[in-house]
Each structure stands twice: as C-alpha cells, then as structure tokens.
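Chemist: Chains as they are written, first to last, in our numbering: chain A, 1 to 141; chain B, 1 to 141; chain C, 1 to 141.
Simulated from the structure, these hints should not be mistaken for laboratory data.
Mixed in with the good hints there might be a few duds.
Note: identical chains are not told apart, hence a pair may lie in one copy or across any two.
Derived pair list, reagent style SDA-like, types lysine to any residue, alpha-carbon separation capped at 20 angstroms [as the list claims (entries may be wrong)]:
no.	residue 1	residue 2
1	K7	T116
2	K7	L26
3	K7	R41
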Amino acid sequence: MPMTVLKIETRGQGLYEFTERVRQWLNTEPVAEGLLTLFIRHTSASLLIQENADPEVKTDLRNYFGRLVPPTTDPSMSYLTHTYEGPDDMPAHIKASMLPESLQIPVSDGQMVLGTWQGIYVFEHRDASHLREVVAHLAGS
Amino acid sequence: MPMTVLKIETRGQGLYEFTERVRQWLNTEPVAEGLLTLFIRHTSASLLIQENADPEVKTDLRNYFGRLVPPTTDPSMSYLTHTYEGPDDMPAHIKASMLPESLQIPVSDGQMVLGTWQGIYVFEHRDASHLREVVAHLAGS
Amino acid sequence: MPMTVLKIETRGQGLYEFTERVRQWLNTEPVAEGLLTLFIRHTSASLLIQENADPEVKTDLRNYFGRLVPPTTDPSMSYLTHTYEGPDDMPAHIKASMLPESLQIPVSDGQMVLGTWQGIYVFEHRDASHLREVVAHLAGS
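Throw the hints in and build the complete structure from the sequences for me.
Modeler: Here it is in structure tokens:
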C-alpha cells in the first residue's frame, strides 16, 4: 500500500489548499480503484474538504471558528486552564477536536471522486508559521 | 473493490436516513470482512451516524445546529462575506465543516458493525431540495 | 483483515485515553503496512485524537464542549424536545455528532503514524458510567 508524507507550510490561522499536491502524488501511484486516507500528525491543525470556488468561503470559515472558539484572553474563555503555550493554543486544540483529523476519499479510475467544488485543505489553528505533516495512504489495486 | 453512488433526495434542512439503502447494497456484494466508506460529494451537506429510535433526536439536531450557525440574515452573522448564494449558504458550508464528510464502518460477516441505535443519515444544510450523491466504497474479501 | 472489539470503561463525562490498548493489539497482528480504523458503536460518546502531554487539555476540552452544549435544564436549551432520558442525553447526541465516530490512522512498520503528542481517547458525553465498545479494524499486509 503506497504511503507518503506531504509537508504543508502554513503562515498563521486559515485554510491552505493542497488538492494539487495530492493529485500529483496519486498520478505517480499505479492504483486505479481504492481508498485514499489523509491523516494530519498534529493536535492544533485540521484537514478539511470545502468549497474552493470562492475565496470568501475560506475567510468566513476562519472567522466563524475564530469567534466560536476565541483566544483564551477573551473573558468568555477565562475558565480554561491550559494557557501557558499562548492564547491561541487551547482554542487550537478545541478546533482540532471539532474539525477532521483525517479524510477518506474513494479513488476511481485513478482519480479522487471529489465533487465539482471540493478542495482539500489544511486548516491551521495556530498564529505562528508551521510545517505540517500530512500522511497520505492509498489502499487498492 | 466494489463501489457505487447512492443518490439521496432531500427536501430542506434536516436528517434523512438511508441505512437500508446501504444495507441493501452490501447484501449484493460478496464481501464478508472489510471496511465500508461513505463519502458525500458536496460542501453544503453532511453524513452522520446518530440515534434512529426517537425522531425527536433528528429535530433537535437540526434545531441545535440551526441556532449554533444561524442564517447570514441574523445580526450575529453580519461579519460573513459569502452571502450572495442565499442566507443559508455560508452556514451550510460551516455546518458541513463541523459534521462528517465521510463515514467509515467496519463490516463483519457481511454486516455493518453498527450499534443497536445507530442509523446512517444525510444531514442536509440547504433550504432547497437537492439530490445528494454519496459514494459507497467497500474494501475487503 | 484483523478485527477486534475493545471495551472501554467510562465514569462520567470526560476523556479516557486508550492508546496503549490499541498499540498492544496492533503488536499481536502481523500487519506491517496498512490502515487502522477505530469505530465507536454508540451515539452518545465519541472517539478523539488529541494532545496527551498535559492533562489540563482534557479538562479544558470537557469544559468547553460542556458549555457549548449545556444540559437541557439550562434555559438556553429549552427548545430541545428529547429530554426524557435525562438532561445530559440530548447534549450527548449533539456532541457525538460534532466529534468523531471513527478514526483512521495509517500504519507503517507495524506502528501507528501518530505525531509525538497524539493520544487516542474515548470522549464520554454521559454522566453515568458506561462500558463503551470500540471496533478496531486493520487492513493491510
């Protein structure tokens, strides 16, 4: 079963598309029918499949989750105790719990069966820049 | 690896059970032990495994998420920018981010290992009627 | 494809780590490269991969989701109708919808490709003690 690690660079909170990176890797593997799994090796960033037509959707997603889970400096979050790694750290763990750690996409004729508007993203929840590791695993024949 | 596309009709926001459709398809496939993956090819509807005993659970789930992510006409959502596809559109993308895009269910003796009360649903987040495509993929032997 | 059922005891709302239970089972199976799936057979408890370094993270996660989805005795939840199984029941279904029902973890060299801080948990959403069934399924060779 083919497996690789994709390294995705992030520069602060938000969505970073890497659909093409996945597609390019799939094209190098001789699997026509199967199941692709993507798994992020972190607890403060997520994977997400979402619309890639209108960039406003990315901005709105970042802002919605940023309000649903504000920084620990916000008075509404004063009950949180894990604050010594920065005001964005515990909210990052919470968002990483609500949003996918892994994605599963069936593969047919060597292509992911994504819908027309579906793109694949790393959703970064930390303020600082990070290099995120996504394990890609392909089962099939 | 067997694969098919199930088309699920929805008529506005809410949960639509299709457990039997999945079961019927499994019964036609000669796989005894394996892994079933369901994947929805849309960014404004979700898949969900939830209780199918009491229909009130479905209503309560629709209403809870409808309040957590209200329409963009709600003053609390005025910061959202992706509004030209209707007041239910950007909330649909947000709900589709928080709820599963895909489901994975082990198969044993040709049957899904679902718990007693677990049913499989499309969770529609748009107001209009839609025909939703769910890819079903079965790996095993 | 190897499959087993892990039974996890819970004593009220919160996170219960069982990474070592999974690791021990993997060590008994002769699969070097593959995909591990964990599936919880319940609609009022979740699975979660989260940081296992600092126990405060577990407490904060329980408290955040306990405030986001308060008991049905809370006035803000008075619109909910499925209340006859106790004030923690419908919130448990809601939390189980927002948090993972299943986890997928690639396996390489016989080990899960977890990141340094990633632990595997049952996230119990009910107040009473429960014995939760988690199906573990391993595909590969």
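Chemist: Confirm or reject each hint.
Modeler: Cross-check of the supplied hints:
{"no.": "1", "hint": "K7 <-> T116", "verdict": "between (25 angstroms within a copy, 16 angstroms between copies)"}
{"no.": "2", "hint": "K7 <-> L26", "verdict": "within (16 angstroms within a copy, 27 angstroms between copies)"}
{"no.": "3", "hint": "K7 <-> R41", "verdict": "within (11 angstroms within a copy, 26 angstroms between copies)"}
When each numbered hint is compared with the structure, no violation occurs for any of them.
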